[in-house]
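Chemist: Top line first, the protein sequences correspond to chains A and B.
Under the UniProt record's numbering, the residue at position 575 of the first sequence is numbered 575, and the numbers go up by one with no gaps.
Under the UniProt record's numbering, the residue at position 695 of the second sequence is numbered 695, and the numbers go up by one with no gaps.
The reader is advised that the hints may include incorrect statements.
For identical chains, the list gives no copy identity; a pair is met inside one copy or between any two copies.
To be verified - Straight line, CA to CA, 25 Å or less: simulated SDA-like cross-link-like pairs of lysine to any residue:
#: 1; residue 1: K159; residue 2: S248
#: 2; residue 1: K159; residue 2: P240
#: 3; residue 1: K220; residue 2: E662
#: 4; residue 1: K438; residue 2: G384
#: 5; residue 1: K169; residue 2: K683
#: 6; residue 1: K600; residue 2: E135
Quick caveat, the hints were computed from the structure, so don't treat them as lab data.
Protein chains: 2
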Amino acid sequence: MAAVADEDSLRRALAQKQSSIDVQGGAVRQLKSSGAAKLDIEAAVQALNALKLEKASIESQLQAALAGAAGGGSSSASRDAFRQAVVNTLERRLFYIPSFKIYRGVAGLYDYGPPGCSVKSNVLSFWRQHFVLEENMLEVDCPCVTPEVVLKASGHVEKFTDLMVKDEKTGTCYRADHLLKDFCKEKLEKDFSLSAEKATELKHILAVLDDLSAEQLGAKIKEYGITAPDTKNPLSDPYPFNLMFQTSIGPSGVSPGYMRPETAQGIFVNFRDLYYYNGNKLPFAAAQIGQAFRNEISPRQGLLRVREFTLAEIEHFVDPQDKSHPKFSDVAKLEFLMFPRDDQVSGQCAKKLQLGEAVSQGTVNNETLGYFIGRVYLFLTRLGIDKDRLRFRQHLANEMAHYAADCWDAEIESSYGWIECVGIADRSAYDLRAHSEKSSVALVAQEKFSEPREVEKLVITPMKKELGLAFKGNQKMVTEALEAMEEKVAMEMKADLESKGEVEFHVCTLGKNVTIKKNMVSISKEIKKEHQRVFTPSVIEPSFGIGRIIYCLYEHSFYTRPSKAGDEQLNVFSFPPLVAPIKCTVFPLVQNQKYEEVAKLISKSLTAAGISHKIDITGTSIGKRYARTDELGVPFAITVDSTSSVTVRERDSKDQVRVDVEKVGSVVREVTDGLSSWADVLKMYPLHSSETAEE
Amino acid sequence: MAAVADEDSLRRALAQKQSSIDVQGGAVRQLKSSGAAKLDIEAAVQALNALKLEKASIESQLQAALAGAAGGGSSSASRDAFRQAVVNTLERRLFYIPSFKIYRGVAGLYDYGPPGCSVKSNVLSFWRQHFVLEENMLEVDCPCVTPEVVLKASGHVEKFTDLMVKDEKTGTCYRADHLLKDFCKEKLEKDFSLSAEKATELKHILAVLDDLSAEQLGAKIKEYGITAPDTKNPLSDPYPFNLMFQTSIGPSGVSPGYMRPETAQGIFVNFRDLYYYNGNKLPFAAAQIGQAFRNEISPRQGLLRVREFTLAEIEHFVDPQDKSHPKFSDVAKLEFLMFPRDDQVSGQCAKKLQLGEAVSQGTVNNETLGYFIGRVYLFLTRLGIDKDRLRFRQHLANEMAHYAADCWDAEIESSYGWIECVGIADRSAYDLRAHSEKSSVALVAQEKFSEPREVEKLVITPMKKELGLAFKGNQKMVTEALEAMEEKVAMEMKADLESKGEVEFHVCTLGKNVTIKKNMVSISKEIKKEHQRVFTPSVIEPSFGIGRIIYCLYEHSFYTRPSKAGDEQLNVFSFPPLVAPIKCTVFPLVQNQKYEEVAKLISKSLTAAGISHKIDITGTSIGKRYARTDELGVPFAITVDSTSSVTVRERDSKDQVRVDVEKVGSVVREVTDGLSSWADVLKMYPLHSSETAEE
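Using the sequences plus the hints, can you model the full thing?
Modeler: Right, dumping it as structure tokens:
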């Protein structure tokens with residue numbers, strides 16, 4: 001299922017190819033206008049044509065994929081039906097609740113109801129255990145309210161935007177790219193009179209949608225006569241809308257603030273203190289779990305695109321000259337689906353790679369990045385994510401920020417397609433540098449040398465007296481310009497001064513050339529001893545969208561099976577015990593005071609052991625009670641059918657064993673804590689056959 | 001220490017007394033003006049005078065207390081010095097960090113650094129275990145962003161305000177009551193020329209500060225010529241400032257929203273679903289842990305008054321006719337400091353009461369409220385709060401919302417005085433009713449009767465034909481007015497109609513009287529069978545300020561002791577293992593590869609057991625390493641001084657035992673998980689005397 005090249009990656013490949021064509025086209029034009037050699041121009045044109053051919057091939061693949069989705073509607077329809085079944089069960093059993101439902105809700109805001117809240121809390125506990133505790137990370141907890149200066153430094157005030165259009169009469173807002181996308185898709189799927197040429201054009205737009213500028217989007221919307229979906233009114237030109245929730249800190253109205261769009265900034269601004277806390281040693285990682293906010297223009301995709309969500313982020317700080325990882329060998333043997341940049345561009349599929357090889361062959365930039373990719377794989381699959389519907393996709397060159405060294409997304413396949421759930425990026429020194437500059441506080445690390453090292457250093461010494469005599473009031477600016485010379489410029493000046501005695505020198509701050517004479521400056525290279533190296537660390541950032549992971553987990557865990565009578569389909573969530581919202585239920589087989597007392601005794605021992613459980617003493621049939629708790633994903637059920645021993649049933653196999661009352665608490669505890677498996681339990685306790693019991 | 005009647009409670013008593021005097025004064029005036037009997041008037045005047053005498057007595061107590069604080073400055077100074085020592089240690093060891101410090105911070109925003117974050121996570125885990133799991137509560141997790149309609153219903157949009165004044169030239173804002181308070185305190189402490197009369201006046205203002213209206217505050221600020229503290233500019237009149245952070249949901253700008261000021265509303269709006277989830281049964285409790293926000297005008301009191309904080313709230317829904325609690329007997333025998341309303345009003349101190357007696361004597365309104373008071377006491381003391389500096393103070397009548405049945409605050413004594421850390425309120429049906437009305441969704445519960453009950457019911461049947469003939473177009477309004485009659489009015493009409501044949505009847509919606517004749521309406525009482533009772537549940541709400549609890553815990557856990565050489569004072573946090581940010585350290589006694597290997601082996605076994613720990617292989621002296629971790633409150637240190645057995649040291653006693661390398665992981669695990677105590681360990685393992693080891 002995972003090995004199919006899907007629409008999204010074909011679109012990305014197409015966009016990538018188009019941008020290569022643009023670059024190559026520019027090169028051809030430049031060669032022609034500069035009067036380059038005919039041979040060179042021909043070679044460039046040939047390369048351009050080759051690119052165009054490759055593009056055409058990807059386009060036809062995409063066309064086929066789209067036709068498949070549109071024509072063979074059954075697969076898309078069955079995806080929708082599956083999603084509807086999952087979502088209905090989730091809502092009915094209060095895994096989640098549209099927030100403020102009695103007030104007709106707010107788009108993009110959801111509550112976690114009791115079982116959902118429990119799943120979330122289990123996922124976060126395991127995250128803490130798997131990452132923070134296991135790696136000795138420094139966990140911090142910063143506020144959501146953030147002053148503007150921090151988010152100006154990070155670039156969010158300027159760049160965290162989506163393009164929006166407004167219904168010119170009602171003022172209703174839409175995402176410009178969504179409207180254009182809907183238009184193209186609808187045309188392609190429903191307009192059978194569409195010319196082949198027009199279809200190609202629309203497909204091309206879908207492919208490059210993410211790269212269109214406000215002007216290009218606006219022009220297309222005008223050209224196609226797209227109007228507001230609800231009213232058919234004309235639309236405004238697209239303009240950027242900042243996705244941060246804005247507020248004001250304090251009562252004066254002069255301190256703008258935002259609800260943080262990510263938790264990472266709280267870690268970066270604390271780098272200096274955290275580095276000190278870590279004994280001024282690199283590498284180390286800081287981590288944070290917390291709420292983040294994104295004021296979506298018009299949220300779609302239910303639980304996947306929300307306005308408030310929980311992030312869990314790690315910032316691992318390393319020496320840019322040494323990105324090796326001491327524990328890399330622990331994960332190097334792992335094999336899973338990876339989707340490197342080149343395979344995407346050439347229209348191939350994700351394929352199984354061994355992590356160690358991916359790093360040694362340079363597919364993954366460095367060991368530390370690779371280590372986290374491996375740890376994320378283990379984290380997600382232990383939660384219950386299906387390894388065949390999980391892939392690590394490398395960002396294309398045009399997706400990645402200019403400063404990033406490499407970036408991989410853990411994508412999980414759901415009924416919505418492949419969903420980015422974890423981003424693992426090597427962001428180089430960008431964030432620490434940005435905050436250093438804005439705050440004027442040095443966010444750097446030192447490497448103390450065990451013995452001093454000799455380094456050749458450029459030394460420029462302006463002769464103040466001579467410069468003063470020559471330039472008077474301009475002396476300071478000339479001096480500064482001399483001191484600021486780069487090595488190459490300075491060494492050229494030194495040569496010129498020695499050969500000619502004087503040189504013309506451009507002083508930016510004066511806006512003119514001045515004449516520098518030999519006696520005005522001394523330039524030399526000296527050997528100096530250095531005791532340490534000061535540098536800005538690189539940061540490798542695994543960032544987890546907890547809500548998205550949980551939603552995908554719901555889809556991967558959901559299945560139905562017929563009831564015993566065969567008259568209905570029963571829902572089951574096959575959560576591993578680690579994740580299950582309730583670990584165990586306790587049922588007296590029939591209503592009977594003695595059984596109830598035993599049930600309460602067992603319940604007490606489970607509470608003491610910290611095992612979340614539910615006791616159900618209603619007279620409902622045992623089959624119905626099992627079905628109810630299967631739908632909550634409860635892995636084990638203890639049924640009290642005598643006062644000395646009870647049965648324990650496993651959810652998916654429906655197998656039952658018989659265990660003494662005194663032992664059952666610790667048996668369930670061991671198997672839910674992961675100290676033993678159900679297979680171990682089956683070996684140790686007699687199987688209980690209960691044709692009568694179930695359904 | 002706890003038994004001293006402090007300033008705050010004396011002020012509250014004074015305010016209470018003044019309001020009684022106001023009421024009684026009003027009663028006297030009314031009696032006089034209505035020409036009541038002389039004897040009645042005299043009795044009322046006598047009561048008034050008695051109140052005035054009591055007030056004078058409280059005033060002199062307050063005066064003494066204030067003089068003590070101002071004159072005997074040493075106690076206040078030593079409190080400040082103690083606080084400074086705690087806060088310095090907390091900041092230096094990164095328990096917390098002023099947020100966005102490199103940008104000079106934002107008042108009222110703090111980060112939890114690594115050990116603080118760990119303490120918080122431990123406190124919240126224990127809260128979940130002690131309340132949610134133990135009581136089978138339904139935990140939910142709702143967004144912080146909240147639409148306006150919800151907070152209009154709850155009253156926050158209208159009433160969640162503080163009074164503010166502005167520097168008329170610079171626009172800087174101040175809390176009006178703070179400026180007046182500072183002025184009065186400063187005068188009382190530093191102006192020795194103050195007349196006795198004036199001093200009394202200022203003390204009275206301090207006592208009633210919380211009850212002053214905007215007009216009264218403004219008048220006093222004018223009268224005393226109070227100006228802006230920083231510039232001495234004139235101040236504006238006081239006006240209310242809403243303390244919620246405001247924002248806008250979505251891009252249109254027409255959906256105002258706020259960052260929630262509490263988590264409770266998310267539970268109330270979900271009542272219907274949660275009640276259903278609980279099988280339509282009462283009582284049940286829902287719980288939520290999450291961030292809440294309060295845009296303070298000018299935050300003071302460091303970590304105690306912040307703009308963003310974590311709340312943990314419980315909403316326990318009960319039948320208002322039955323507030324008994326099945327587990328009350330579990331806590332009835334507990335004895336601790338309680339401070340009932342009457343004792344506060346009469347100027348007494350908090351005293352030890354047995355919880356069972358407090359409930360049975362009616363001091364605490366009901367068993368469920370009492371049960372939670374007991375559970376909160378256990379929660380706080382198990383965390384390490386000193387039981388002698390913890391009291392439960394009942395709200396005075398004028399502190400409590402009009403709808404509340406009873407309310408108690410768990411107050412913890414710190415260097416700032418007695419701090420409200422948990423509020424435990426019986427809020428009756430107020431919140432559910434408010435949301436029912438605003439949303440038009442019934443938030444009610446049903447009690448199904450085991451057999452139908454007979455109830456006498458008023459039946460009003462308007463005769464539409466006769467009413468139509470008589471009132472034509474007005475018939476509908478007359479009919480509705482008749483149907484809406486209350487029982488008393490209806491029975492009077494019935495009697496009048498029977499005796500006189502017709503009556504005058506006022507119809508509000510017509511604005512006039514009409515004549516109702518005997519044949520126009522039938523009024524009777526009938527016996528009806530009812531199968532169920534429908535009612536709005538009462539809610540009992542324990543609400544925990546997690547940050548405040550943690551700060552008080554820091555103060556209660558902090559002490560200093562001399563170093564072995566006696567040349568310096570060493571800081572210790574005596575956290576119980578439950579709370580300690582790191583449970584254990586592992587030190588090789590000296591730098592030595594064999595010891596380091598053993599240390600790493602032990603570290604691995606601790607990680608596997610989920611015990612947070614720190615390994616320190618630096619060559620620092622063992623004494624210094626102990627001192628460093630004592631300051632982080634680490635309860636146990638494992639020192640590797642051989643390859644077969646190691647020592648385990650307990651932080652507060654500094655006792656050490658010798659344990660085999662293979663066993664040490666499980667010994668530490670048992671004692672940090674609370675399965676055994678240090679006393680148990682001392683019994684089982686040989687004491688290790690190490691004159692040489694420490695300091």
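Chemist: Take the hints in turn and mark each one as holding or not.
Modeler: Evaluation of the provided hints:
1. K159 with S248: Both ways: K159 and S248 sit 20 Å apart in one copy and 19 Å across, limit 25 Å.
2. K159 with P240: Answer is within; shortest intra-copy Cα gap is 9 Å, inter-copy 36 Å.
3. K220 with E662: Classified as neither: same-chain Cα gap 73 Å, cross-chain 72 Å, threshold 25 Å.
4. K438 with G384: neither (43 Å within a copy, 42 Å between copies)
5. K169 with K683: Neither: 72 Å inside a chain and 82 Å across chains, both beyond 25 Å.
6. K600 with E135: between (40 Å within a copy, 13 Å between copies)
Hints 3, 4, 5, counting from the list given before, are not met by this structure.
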